[in-house]
Amino acid sequence: MSSVRERDDRSTPSSQTSESLVLALPKGRILSEVMPLLRRAGIEPEDAFSDPESRALSFATNHPNIRIIRVRSFDVATFVAFGAAQLGIVGNDVLLEFDYPEVYAPVDLGVGRCRLAVAEPAEMVASDDPARWSHVRIATKYPEITRRHFAARGVQAECIKLSGAMELAPQLGLCRRIVDLVSSGATLRANALVEVEHIADITSRLAVNRAALKTFPDEIGWWIERIREAADAA
Amino acid sequence: MKEFGEMALLPAGLRDILPPDAAFEARVVERLLAGFTAQGYAQVKPPLIEFEESLLSGAGAAMTAHTFRLMDPVSQRMMGLRADITPQVARIAATRLQNAPRPLRLCYAGQTLRIKGSQLRPERQVGQAGVELIGGASAGADAEVVLVAAEALQAVGVPNLTVDLTLPTLVPALASGLGFADATVRSLVATLDRKDAPAIQAIAGGHAPRFVALMRAAGPARRAMAALQALDLPATAAAERAHLGEVVDLILTAAPDLNLTIDPVEHRGFEYHTGVSFTLFARRVRGELGRGGRYLSGDSESSTGFTLYMDTLLRALPQPIAARRVFVPAGTPRATAARLREEGWVTVAGLDRLADPRREARRQACSHALVDGEIQAVGGTKKEERP
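Respectively, the protein sequence lines represent chains A and B.
First residue of the first sequence: 1, per the working numbering; consecutive thereafter.
First residue of the second sequence: 1001, per the working numbering; consecutive thereafter.
Errors might be hidden in some of the hints.
[What the hints assert, rightly or not] Listed next, the stretches of chain A that the computed footprint assigns to chain B, with coverage defined by at least 3 CB atoms under 8 Å from CB atoms of chain B:
#1 70 to 84
#2 89 to 101
#3 214 to 223
[As the list claims (entries may be wrong)] Over the 12 Å line for every Cβ pair with chain B, so calculated as not near, a few chain A residues:
#4 33
#5 34
#6 45
#7 47
#8 50
#9 58
#10 61
#11 114
#12 126
#13 155
#14 158
#15 162
#16 170
#17 174
#18 185
#19 190
Source of the hints: derived by calculation from the structure; they are not laboratory data.
No experiment lies behind these values; they were computed from the predicted model shown.
For each residue, glycine too, the CB sits at the ideal point set by N, CA and C.
Looking at chain A on its own, in the form it has when it is part of the complex (with noise of 0.2 Å):
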């Protein structure tokens, strides 16, 4: 492993002293953004993980000691909590709602960039006093973040947990507000809701494993360096 301390060598540590490794990466929309990434850092997985037909969920790489798991994002950071996988990306609106004290989120990778708001009808807007506030429900699928938004601030908040389409709660009467990931806004207006509150600032992460890190301090280091350039590099 002495290759491995010096910073300037980009070569792999040797098979004999690796450890096998699993990276575990989120299905859907941020995956086209981080495969670039990725390959940079010199992680190429098989053909059968860019095949729409494969049903496989686990898949080799270039590098025999790596194996990549493809999973829900928020499975990501469980996978990655519970040392299944020692590796992750993940967005942190994710390690967020978790906040698992077992992941470390070294790297930020600057890609699948967003924010979280809670947003509400534009026709609220101008009545709606937020300082008047001593309870508010709100549909999202953060419940954990967008309690501690609420109650940093004196208001306790009643959320409603839904997986998607928070959008459609305001006007379906389930509730007046929503906490939920903004890009362009496109989606927010479209359904005539308008922001209303900025929480935080998003972007995707690599996500370590802590036990991994400590316990397997080279190899992990070593991936940590190579992805953090490959990300500085974009």
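Assemble chain B onto chain A, guided by the hints.
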């Protein structure tokens, strides 16, 4: 009688430990205590429950949110059921053993209970074993407890142990030295705990590079120490770094093969620690085997120690080897069975005279049976070896 399911269900985070695991856990605890005692740590046994003022004061304050309370009908005062044993040992050292010479070496093992488990660690009842070294402030004391912990874990058979050193006072010292307000220091510490570089940038502004450099100065001890030496730190933080360097040297001189890492920004769970602290990990084992570090005992006496968590520790250990069990038919003289036990056998006595002792031996999960004064293998049981 109630349904089986209703009878068997236990509250969340609590479980029955069955054979052979219960005996294995007891044996591991016994070996840990024997190891601590052999290095001069004398065993103490505080009660399960005590008044909450004493249980939750000083270093015990960290456990406030995790402690079950109950009202003592006798004194009408509130009591807490211990979620951690360290504050109890610190209390003993500061009160009943205040006149005992320092450094005072104490060890303990016992059960703890906490209000809530987490998703990653759902257990609410956890066995703990540990040591406290009261009233030794030198680098030698910090190194000793790390070495005692590492040796104890290796002695019970933990493979691939890693000790991760941290200095929970370093970031606050550096941030206060740079003039950050207390609230900013707290959010900076929380951000560094997640190693969230962009958030550090947002909080620390122009000083962010120093904190990011500190965060990246983590890894195998020698390399991390060299990276730390290269940083420009204010006087108090530099003194802490020098002390850490001394501890690292002492540990690596005594145990050159130990996997020792440093993470200078690790802080979560070390809120009440006042100096060099550490976490114990094993490769491919979820969670921490234990943690320890420097704290103030009785509000004034600088002390250190560590606690091992039996739930994680048992997951890190290889499966226990089953003892060889021999079935001894009814009527065999007790002296014969006693002799077998001296040879290391577990004897299972027949209660009634049976035609086929070998068959009964198999039914009772015995690997062997005593037939006509001779030990015979009966087959059909799992792999066994001498204890």
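Hint by hint, here is what the structure shows:
{"no.": "1", "hint": "70 to 84", "verdict": "holds (count 3)"}
{"no.": "2", "hint": "89 to 101", "verdict": "holds (count 4)"}
{"no.": "3", "hint": "214 to 223", "verdict": "holds (count 6)"}
{"no.": "4", "hint": "33", "verdict": "holds, 17 Å"}
{"no.": "5", "hint": "34", "verdict": "holds, 17 Å"}
{"no.": "6", "hint": "45", "verdict": "holds, 24 Å"}
{"no.": "7", "hint": "47", "verdict": "holds, 30 Å"}
{"no.": "8", "hint": "50", "verdict": "holds, 29 Å"}
{"no.": "9", "hint": "58", "verdict": "holds, 18 Å"}
{"no.": "10", "hint": "61", "verdict": "holds, 20 Å"}
{"no.": "11", "hint": "114", "verdict": "holds, 14 Å"}
{"no.": "12", "hint": "126", "verdict": "holds, 32 Å"}
{"no.": "13", "hint": "155", "verdict": "holds, 20 Å"}
{"no.": "14", "hint": "158", "verdict": "holds, 22 Å"}
{"no.": "15", "hint": "162", "verdict": "holds, 21 Å"}
{"no.": "16", "hint": "170", "verdict": "holds, 31 Å"}
{"no.": "17", "hint": "174", "verdict": "holds, 28 Å"}
{"no.": "18", "hint": "185", "verdict": "holds, 22 Å"}
{"no.": "19", "hint": "190", "verdict": "holds, 30 Å"}
Of the numbered hints stated above, none is contradicted by the structure.
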